Amino acid sequence: MEEQEQEQEEKVDEMRRIVEKQEERIQSLQSNAFKLANFYFVFQGVVLTAISDSVISLTCSQRWFPFTLSFLAGMINLVAMSRIGLKYKKTLSQQYQNNLDYQDALQTLHRLREAPAPRPSTATSNSVEQSRDGFRDAKHWFAFLICISVFVAFFCVNLFGCWKIPCLRDECGNLPGNENCINLCDGAKCISVCREY
1 MEEQEQEQEE KVDEMRRIVE KQEERIQSLQ SNAFKLANFY FVFQGVVLTA
51 ISDSVISLTC SQRWFPFTLS FLAGMINLVA MSRIGLKYKK TLSQQYQNNL
101 DYQDALQTLH RLREAPAPRP STATSNSVEQ SRDGFRDAKH WFAFLICISV
151 FVAFFCVNLF GCWKIPCLRD ECGNLPGNEN CINLCDGAKC ISVCREY
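With the first letter of the sequence shown counted as 1, position 46 gets the number 46 in the working numbering; the numbers rise by one all the way through.
Since the hints were derived computationally from the structure, they do not count as laboratory data.
Misleading hints may appear alongside valid ones.
Claimed, not checked - Pair ranges (Cβ atoms, derived):
hint, residue 1, residue 2, range
1, L184, Q27, 35 to 45 Å
2, A50, S93, 39 to 49 Å
3, N38, R195, 48 to 58 Å
4, K35, C156, 17 to 27 Å
5, S149, S28, 20 to 30 Å
6, M75, A138, 22 to 32 Å
7, C167, L72, 53 to 63 Å
8, I146, N38, 12 to 22 Å
9, R16, F41, 30 to 40 Å
10, K164, L36, 41 to 51 Å
11, R16, K164, 54 to 64 Å
12, L86, C60, 37 to 47 Å
13, N38, N98, 42 to 52 Å
14, E10, V46, 29 to 39 Å
Quantities reported herein were computed from a predicted structural model and do not represent experimental measurements.
For every residue, glycine included, the Cβ atom is placed at its ideal position computed from N, Cα and C.
Taking the hints into account, I'd like the entire structure generated from these sequences.
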């Protein structure tokens, strides 16, 4: 009896260590995802600030440069965020299953300690269901897809901004006028100077 109890205690300790390691891995993956997202947001902020600043005069024909830069950064970050998210979801599922195993091992240990006489151990536990929780997995997938969708939406808004903002300055050249007028523009501010003879 004591031998079974000792083996069960070792199993409980091992399962507890596994669950704790997985909790550390989850925290590490969350930290990496937040760092990556923050770096991307700062990078895009710098790019959008640079192209909307009136000191830097990008013309509509030069918009490919910030667009390409944003596109490449966004795609790299999207792939990295997807990989981190899939690892995070997989680790959460494993941790849940290992937590069930840990709870089952704890209950078995308590039964061994409370048993008045030795009896054969049963391999299955009636109190802890060790089947996969379909709702939990669906909830993890839903959260993952929401996060990736928000990232993709931000990515698309930035690409649109990088494509459209440099062309806003060129709209001053399209002011109505005639051949006797000259349009003077500074960024998005334009005035028309016309001759009157």
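Each hint tested on the structure:
no.: 1; hint: L184 - Q27: 35 to 45 Å; in the structure: 57 Å, violated
no.: 2; hint: A50 - S93: 39 to 49 Å; in the structure: 42 Å, holds
no.: 3; hint: N38 - R195: 48 to 58 Å; in the structure: 54 Å, holds
no.: 4; hint: K35 - C156: 17 to 27 Å; in the structure: 22 Å, holds
no.: 5; hint: S149 - S28: 20 to 30 Å; in the structure: 24 Å, holds
no.: 6; hint: M75 - A138: 22 to 32 Å; in the structure: 28 Å, holds
no.: 7; hint: C167 - L72: 53 to 63 Å; in the structure: 21 Å, violated
no.: 8; hint: I146 - N38: 12 to 22 Å; in the structure: 19 Å, holds
no.: 9; hint: R16 - F41: 30 to 40 Å; in the structure: 38 Å, holds
no.: 10; hint: K164 - L36: 41 to 51 Å; in the structure: 26 Å, violated
no.: 11; hint: R16 - K164: 54 to 64 Å; in the structure: 55 Å, holds
no.: 12; hint: L86 - C60: 37 to 47 Å; in the structure: 39 Å, holds
no.: 13; hint: N38 - N98: 42 to 52 Å; in the structure: 31 Å, violated
no.: 14; hint: E10 - V46: 29 to 39 Å; in the structure: 54 Å, violated
In the structure shown, a violation is registered for the earlier hints numbered 1, 7, 10, 13, 14, in ascending order.
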